[in-house]
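Asks: Take a look at the letters that make up each chain.
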Amino acid sequence: MHKKKFPLGKLAIYAALLIGAAVFLIPFLWMFIISIKPEGEVFGRALLPSSPTLASYQKLFETTNIVPWYVNSVEISVITTLLATILSIMGGYAFAKYQFRGKNVLFIIILASMMVPQFTTIIPVFNLMNKLGLVNSKLSLILPFSVNATTVFLARQYLMGIPSELIDQARIDGCNELQIFLRIIMPLSKPLVGSSAILIFLNTWNQYLWPLVMMQANEKFMLTVGLASLTTLYNIEYSLLSAGAVLFTLPVVIVFLLMQRQFVSGLTAGAVKF
Amino acid sequence: MKSQRIAPHLFLLPFFLMFAVFWIYPILYSFYVSLTQWDVFHAPQFIGLKNYVQLFSDPEFHTAMANTFMAAVVYIAVMVSLAIVLGLLLGLAQIRFKSFFRAAFFLPVTMSLVVVAIVFGMIFSNDFGLLNVLLSGLGLPTFNWLGDPKLALWSIVALRVWRAAGYYAIFILAGLQNIPEELYEAARLDGASEQQIIRKITLPLLKPMVLYVIIISSIWAFQLFDEPWVLTRGGPVRSTLTMMMYLYSYSFKYYQFGYGAAASTVLTAIILLFAFLNLKIFRTSEI
Numbered sequence: 001m002h003k004k005k006f007p008l009g010k011l012a013i014y015a016a017l018l019i020g021a022a023v024f025l026i027p028f029l030w031m032f033i034i035s036i037k038p039e040g041e042v043f044g045r046a047l048l049p050s051s052p053t054l055a056s057y058q059k060l061f062e063t064t065n066i067v068p069w070y071v072n073s074v075e076i077s078v079i080t081t082l083l084a085t086i087l088s089i090m091g092g093y094a095f096a097k098y099q100f101r102g103k104n105v106l107f108i109i110i111l112a113s114m115m116v117p118q119f120t121t122i123i124p125v126f127n128l129m130n131k132l133g134l135v136n137s138k139l140s141l142i143l144p145f146s147v148n149a150t151t152v153f154l155a156r157q158y159l160m161g162i163p164s165e166l167i168d169q170a171r172i173d174g175c176n177e178l179q180i181f182l183r184i185i186m187p188l189s190k191p192l193v194g195s196s197a198i199l200i201f202l203n204t205w206n207q208y209l210w211p212l213v214m215m216q217a218n219e220k221f222m223l224t225v226g227l228a229s230l231t232t233l234y235n236i237e238y239s240l241l242s243a244g245a246v247l248f249t250l251p252v253v254i255v256f257l258l259m260q261r262q263f264v265s266g267l268t269a270g271a272v273k274f
Numbered sequence: 275m276k277s278q279r280i281a282p283h284l285f286l287l288p289f290f291l292m293f294a295v296f297w298i299y300p301i302l303y304s305f306y307v308s309l310t311q312w313d314v315f316h317a318p319q320f321i322g323l324k325n326y327v328q329l330f331s332d333p334e335f336h337t338a339m340a341n342t343f344m345a346a347v348v349y350i351a352v353m354v355s356l357a358i359v360l361g362l363l364l365g366l367a368q369i370r371f372k373s374f375f376r377a378a379f380f381l382p383v384t385m386s387l388v389v390v391a392i393v394f395g396m397i398f399s400n401d402f403g404l405l406n407v408l409l410s411g412l413g414l415p416t417f418n419w420l421g422d423p424k425l426a427l428w429s430i431v432a433l434r435v436w437r438a439a440g441y442y443a444i445f446i447l448a449g450l451q452n453i454p455e456e457l458y459e460a461a462r463l464d465g466a467s468e469q470q471i472i473r474k475i476t477l478p479l480l481k482p483m484v485l486y487v488i489i490i491s492s493i494w495a496f497q498l499f500d501e502p503w504v505l506t507r508g509g510p511v512r513s514t515l516t517m518m519m520y521l522y523s524y525s526f527k528y529y530q531f532g533y534g535a536a537a538s539t540v541l542t543a544i545i546l547l548f549a550f551l552n553l554k555i556f557r558t559s560e561i
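Protein sequences, first through last, are from chains D and W.
Each residue of the first sequence is one higher than the one before, starting from 1 at the first, in the numbering used here.
Each residue of the second sequence is one higher than the one before, starting from 275 at the first, in the numbering used here.
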């Protein structure tokens, strides 16, 4: 990349970047501030609470199903992430490093499916789950979420970058196809595994529509649906809602900050070769 | 070798089976359902294109289409422009704290749409919203961001832009880093100015990445649902009613599955058409 002098002053660049960062971060801060305001102060004109309190957090645990919602979200997201990551890397590997009949057609069908709104599939899948008696079961979310066209695409793009000579050499050395996958491909795919896993986890953790349709009993809700259900109460308690939003967002932000480098490189690898 | 022929099928099989059950079958089935009348109590009854005819004669569906289309196009235009600017700011000059800025830009996308809706409900609120508190503090007029039918849809577009612009800026940054350094050196040797370099080298070579960003973000842009559903329920006076909300209501509130499926076929067609048009325009145009 060229990093010589740039027509705009450095100062202007920093100013723009800082304004951008502030705009992106302020809503996070506002969410936190409201959550530690006493409920009575939410409608006041003061930006900061007179005496910060964790009462809303306490009330959240006492009056709502937040604990089961949390457990549901974690369980569904973690299992989905494991399943979907394995499925997409295996699938992406087949597309990247093998020749077989119908390969291109199938790949195009998978890509095109990304354009289909989630609603198109939700009604038939809902009926299927209904017939199988899986409505209100975690499987009704885990199974459909485990098929992720985006991460198959990412995996194919990433794995195409691994030299085929490595694989041929391993074959000459007597490795079978499964051994090649486990001992050569997987160790070279750590960034791919990382970014796919985060992408799928985020996607599942943040789902709203599918859990809204599939999970109809309050204690079976995922966090998104549970939180949203608090907004339909007659009297919305904003500090309560914010406390829920903070607890919901915090783990994701922490995971992202810890893994960001890996995530970004794996994620954009696919797009660069688009 | 035999194992080499069988292996790809075995690697692909688990994904393919699930893909067939949860994507191919539902898509085909949904299309069939769109040609039937079907509620919870009766079996689907074939009625040809009646659902589509009814759909296109419903003024409420016209409103939903118009809202969805306006919101999507404005969102994509504003968001992608911002993403390009932010990406260039991050990538063109050598700056300190780059990883801080990158993380800050990226963070909004980790926030669930439902939480985004809740938080922006507290920013746009007429009574205690941060925006109005700040505006009135500065002595400026305040607005009922979500309660005014003229503003509500654009407020929702704004929060969508907030969530996605930084995320896609990272893609633009990756595209920038992928441009070979030699091209810049050659241009400088030939005496090109920095502005010429940006216009003649950087932007044209960023085109494929911009196209990628437009297509990927448009898929979600047309499926606007979570935020208006949580924030406004389509109001005031249907100003934030989207196609997704329309077909959600018909499918899961009125249980007219056939009619809902017809609406979702139309939405799919619009998304595909939009992606196709973008590909066409980008492949033939020069920047």
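Warning: the hint list may mix true and false statements.
[What the hints assert, rightly or not] Keeping only pairs whose Cα atoms sit at most 25 Å apart, straight-line, the calculated DSS-like set for lysine-lysine is: (1) D:K131 x W:K527; (2) W:K324 x W:K527; (3) W:K324 x D:K10; (4) D:K220 x D:K131.
Calculated from the structure, these hints are not laboratory results.
Asks: Below or equal to 25 Å on CA atoms is what counts here, so check K324 (chain W) against K527 (chain W).
Replies: holds, 20 Å
Asks: Are the Cα positions of K220 (chain D) and K131 (chain D) separated by 25 Å at most?
Replies: With a Cα-Cα distance of about 19 Å, the restraint between K220 (chain D) and K131 (chain D) holds, given a limit of 25 Å.
Asks: So if I understand the rule, the pair passes when the alpha-carbon distance is 25 Å or less; does K131 (chain D) with K527 (chain W) pass?
Replies: holds, 20 Å
Asks: Are K324 (chain W) and K10 (chain D) close enough, with their CA atoms no more than 25 Å apart?
Replies: Violated, at roughly 62 Å.
Consistency note: the structure conflicts with earlier hint 3 alone.
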